[in-house]
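Peer 1: I would like the entire structure built from these sequences, with the hints used as guidance.
Chains A and B are the protein sequences, given in the same order.
Each residue of the first sequence is one higher than the one before, starting from 13 at the first, in the working numbering.
Each residue of the second sequence is one higher than the one before, starting from 13 at the first, in the working numbering.
Be careful, since some hints might not be right.
Just so you know, same-sequence chains aren't split out, so a pair can sit in one copy or run between any two.
Claimed, not checked - Here are the simulated lysine-lysine pairs, DSS-like style, with alpha carbons at most 25 Å apart:
1) Lys147 <-> Lys65
2) Lys65 <-> Lys55
3) Lys55 <-> Lys41
4) Lys41 <-> Lys65
5) Lys55 <-> Lys147
It should be emphasised that the hints constitute simulated quantities derived from the structure, not laboratory data.
Every value quoted in this text rests on a predicted model; they were computed, and no experiment measured them.
Number of protein chains: 2
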Amino acid sequence: MNARRRSADRTETIMQAALDLAGEVGYAKLSMEAVAARAGVGKDTIYRRWSSKALLFLDAVLSLPVADLEHPNTGDVVADLRTIMIRAVDLLARPPWGPLYQDLIGEAQHNPEVAAALNERFIQPQAADTLARLKIAREQGQLAPDFDLELAYEILSGPLYFRLLITHEPMTHAYFDRVLHVVFAGMGSRPQP
Amino acid sequence: MNARRRSADRTETIMQAALDLAGEVGYAKLSMEAVAARAGVGKDTIYRRWSSKALLFLDAVLSLPVADLEHPNTGDVVADLRTIMIRAVDLLARPPWGPLYQDLIGEAQHNPEVAAALNERFIQPQAADTLARLKIAREQGQLAPDFDLELAYEILSGPLYFRLLITHEPMTHAYFDRVLHVVFAGMGSRPQP
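Peer 2: See below:
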């Protein structure tokens, strides 16, 4: 085993120790000392790579395997968005990923470095993929020329995050379908004059 | 000055010290010791009332004066919702309230007691007021009988929170108007068969 391979293994061991401990004691009580002890490495080894617990945790959460979130193109834009967003709902709503991701977002609220990295590495690529799929649909005439792609993305995502982070109402497939319906078919009603 | 009045004054002094310090050093670095020193009271005095920094901060943020967020009833439901939501946008988007509230939500992500209290004391009353206003409009025939009140509330709120907590895109009146338009008039387009 060469040095690079050993280093990669050690990185994985440390990240896994951080995730395990976060699951056991909660992110707030996670400490670099405990991660070092669990991973069987010195604290210096961890600090050489990660300057803070927050950045270690960010890498650890984002290294977890997740379902494929790249939009297919079956020709049916609503179905394609539903396929991917239902996967995202399942990811957000369930352990282990959901609670760890929620901790990460909590940390991001007072840690601009984590907020920026989370945005760049996780949120923006997903947003770009959603917008690209919607753009194709608009170009193919499946959506009106004035369809607001960015707003559609934010309305598909925002209420889910609102439930995850604020109201803690359940995030179900049925709930997402109600949101999807609003974006592609409207609230089913109009204010009467 | 009687004992009750003195106690209320001291409570205010402590909460104000917590808010001032959070503004200066950030919520993450806020400590009960520093609050006690700034407020000129003993740490025990603080702990007698608040068992943790998080609960003190919660009370402090929720004690700040905010604009009236109770919906008027002018007969125009869209205008009434806009009036209140624009005030909410201004509150969320600007100091001092916006950043303090963001810290509170960050704390809520790993503190179920704060999450529950925030929901009960701030989110749910607002949700109830929004739903009540929408319900009157539906009863008066200004909204269709199948208009989904709860979903409308979540679509009006969710994208704003998504911007505040995740993407950090600006929260402007113009942005809220785009969201409002979707709820009451649709995306202005339909998928073509």
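Peer 1: The structure should be examined with respect to each hint, and the outcome stated for every one.
Peer 2: Each hint, compared with the structure:
Taking the closest pair of Cα atoms, Lys147 and Lys65 never come within 25 Å of each other, the shortest separation being 39 Å inside a single copy and 47 Å across copies. For the identical chains of this complex, Lys65 and Lys55 are intra-copy neighbours only, at 11 Å inside a copy versus 28 Å across copies, given an alpha-carbon limit of 25 Å. Taking the closest pair of Cα atoms, Lys55 and Lys41 come within 25 Å of each other both inside a single copy (17 Å) and across two copies (22 Å). With identical chains, the CA atoms of Lys41 and Lys65 are at most 25 Å apart both within one copy (11 Å) and between copies (15 Å).
Taking the shortest alpha-carbon separations for Lys55 and Lys147, neither the intra-copy value of 48 Å nor the inter-copy value of 58 Å comes in at or below 25 Å.
The structure shown violates the earlier hints numbered 1 and 5.
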